[in-house]
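Novice: Sequence:
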Amino acid sequence: MPLPSAFASELTWPDYDAAVRGGDTPILIPIGSMEQHGHHMPLHVDVLLPTEFARRAALEVGGLVAPPFTYGYKSHQKSGGGNHFSGTTSLDGATLVAALRDVVKEFARHGVRKVCLVNGHFENSWFIIEAIDLALRELRWDGITDLKVIVLSYWDFVDQAAIAKLYPNGFPGWDIEHGGVLETSLMLALYPHLVQLERAIDVEPATFPPYDVYPVKPEWTPCSGTLSSPKEASVEKGHILLEVCTRGIVDALITEFALARAEPRPMAQAS
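When we follow UniProt numbering, the leftmost residue of the sequence shown carries the number 1, and every step to the right adds one.
Derived by calculation from the structure, the hints in this document are not laboratory data. Treat the hints with caution; some may be incorrect.
[As the list claims (entries may be wrong)] What follows is a set of in silico ranges between Cβ atoms, one per label pair, in the way DEER data are often shown:
(1) 218 / 23: 42 to 52 Å
(2) 21 / 219: 48 to 58 Å
(3) 23 / 234: 22 to 32 Å
(4) 169 / 126: 29 to 39 Å
(5) 137 / 194: 18 to 28 Å
(6) 163 / 133: 24 to 34 Å
(7) 142 / 13: 16 to 26 Å
(8) 258 / 2: 31 to 41 Å
(9) 89 / 137: 41 to 51 Å
(10) 192 / 9: 17 to 27 Å
This one's a predicted model, so the numbers in the text were calculated from it and none came from an experiment. Beta carbons are placed, not taken as given, at the ideal position from N, Cα and C, and that holds for glycine.
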């Protein structure tokens with residue numbers, strides 16, 4: 001019988017235990033941040049998007065979505081505008097590593113043997129890998145050697161065919177897509193009530209020198225906080241991204257975890 005929810009935290013503990021104890025049910029952990037996303041989008045974009053991709057993928061493969069990490073590593077000026085913006089609320093790398101390591105070990109204690117980390121904040125990337133490395137090492141000390149972990153960022157599944165549709169005038173590059181067409185289009189498709197596109201500022205793609213300076217120089221970042229213009233974002237582009245990224249994540253789970261597609265569960269609209 002299908003589980004009543006794709007979210008682990010919405011299950012009773014006996015239902016959760018029955019689902020995960022055998023090790024066959026994958027757990028998907030969204031990892032985001034609280035970070036400014038321009039004048040037109042809210043601070044929790046990087047939480048909403050990986051959580052929704054995790055939910056859609058979980059429904060396809062019979063997985064469960066863990067509560068998301070809502071704080072992430074510090075915003076880097078060249079990829080997120082910088083940690084100096086009001087609202088951006090970040091963790092030290094050691095804090096994120098320790099918390100994520102503990103959570104992965106806890107799921108392993110429950111019986112989970114398939115974990116997928118769905119990243120929505122670029123700066124988290126290396127700290128996720130460190131946390132997984134430490135968790136696997138410590139689990140081996142306890143005799144648990146069969147945990148497998150997939151680490152992915154949803155945007156990595158956007159192929160060249162999709163890029164051509166999304167950016168007909170030229171792709172600026174993922175490094176400056178913060179608050180631009182990709183995230184804004186996804187938010188328009190999923191959470192239009194949270195997007196104020198009329199407030200979006202049409203900026204030229206940010207350019208940076210080939211080095212970093214600390215403390216950061218705020219004048220390097222466009223005053224909008226976005227690193228490229230969101231003006232060409234649309235609902236239609238959001239649906240292209242939803243399809244290609246969800247398909248890529250599902251295919252990765254099926255391949256690496258040797259899964260079959262699950263019995264359909266209702267795919268309620270994101271809210």
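Novice: Can you tell me whether the CB distance of residue 89 to residue 137 sits inside 41 to 51 Å?
Specialist: violated (30 Å)
Novice: Given the range 48 to 58 Å, decide if the beta-carbon distance of residue 21 to residue 219 lies inside it.
Specialist: holds (55 Å)
Novice: Mind checking the hinted window 42 to 52 Å against the Cβ distance between residue 218 and residue 23?
Specialist: Since the Cβ atoms of residue 218 and residue 23 sit about 49 Å apart, the hinted range of 42 to 52 Å holds.
Novice: Could you check the hint for me, namely that residue 142 and residue 13 are 16 to 26 Å apart, CB to CB?
Specialist: 22 Å Cβ-Cβ, so the 16 to 26 Å window holds.
Novice: Go ahead and decide if the range 31 to 41 Å is satisfied by the Cβ distance of residue 258 to residue 2.
Specialist: With Cβ atoms ~20 Å apart, the hint is violated.
Novice: Between residue 192 and residue 9, does the beta-carbon spacing fit 17 to 27 Å?
Specialist: holds (26 Å)
Novice: Take the C-beta atom of residue 163 and the C-beta atom of residue 133, compute their distance, and say whether it sits inside 24 to 34 Å.
Specialist: Because 32 Å falls inside the window, the suggested range holds.
Novice: For residue 23 and residue 234, compare the CB-CB distance with the range 22 to 32 Å and indicate the outcome.
Specialist: 42 Å Cβ-Cβ, so the 22 to 32 Å window is violated.
Novice: Given the range 18 to 28 Å, decide if the beta-carbon distance of residue 137 to residue 194 lies inside it.
Specialist: Because 40 Å falls outside the window, the suggested range is violated.
Novice: Is it true that residue 169 and residue 126 lie within 29 to 39 Å of each other by Cβ?
Specialist: At roughly 32 Å between Cβ atoms, residue 126 and residue 169 fall inside 29 to 39 Å, so the hint holds.
Checked against the numbered hints given earlier, this structure breaks hints 3, 5, 8, 9; the rest are met.
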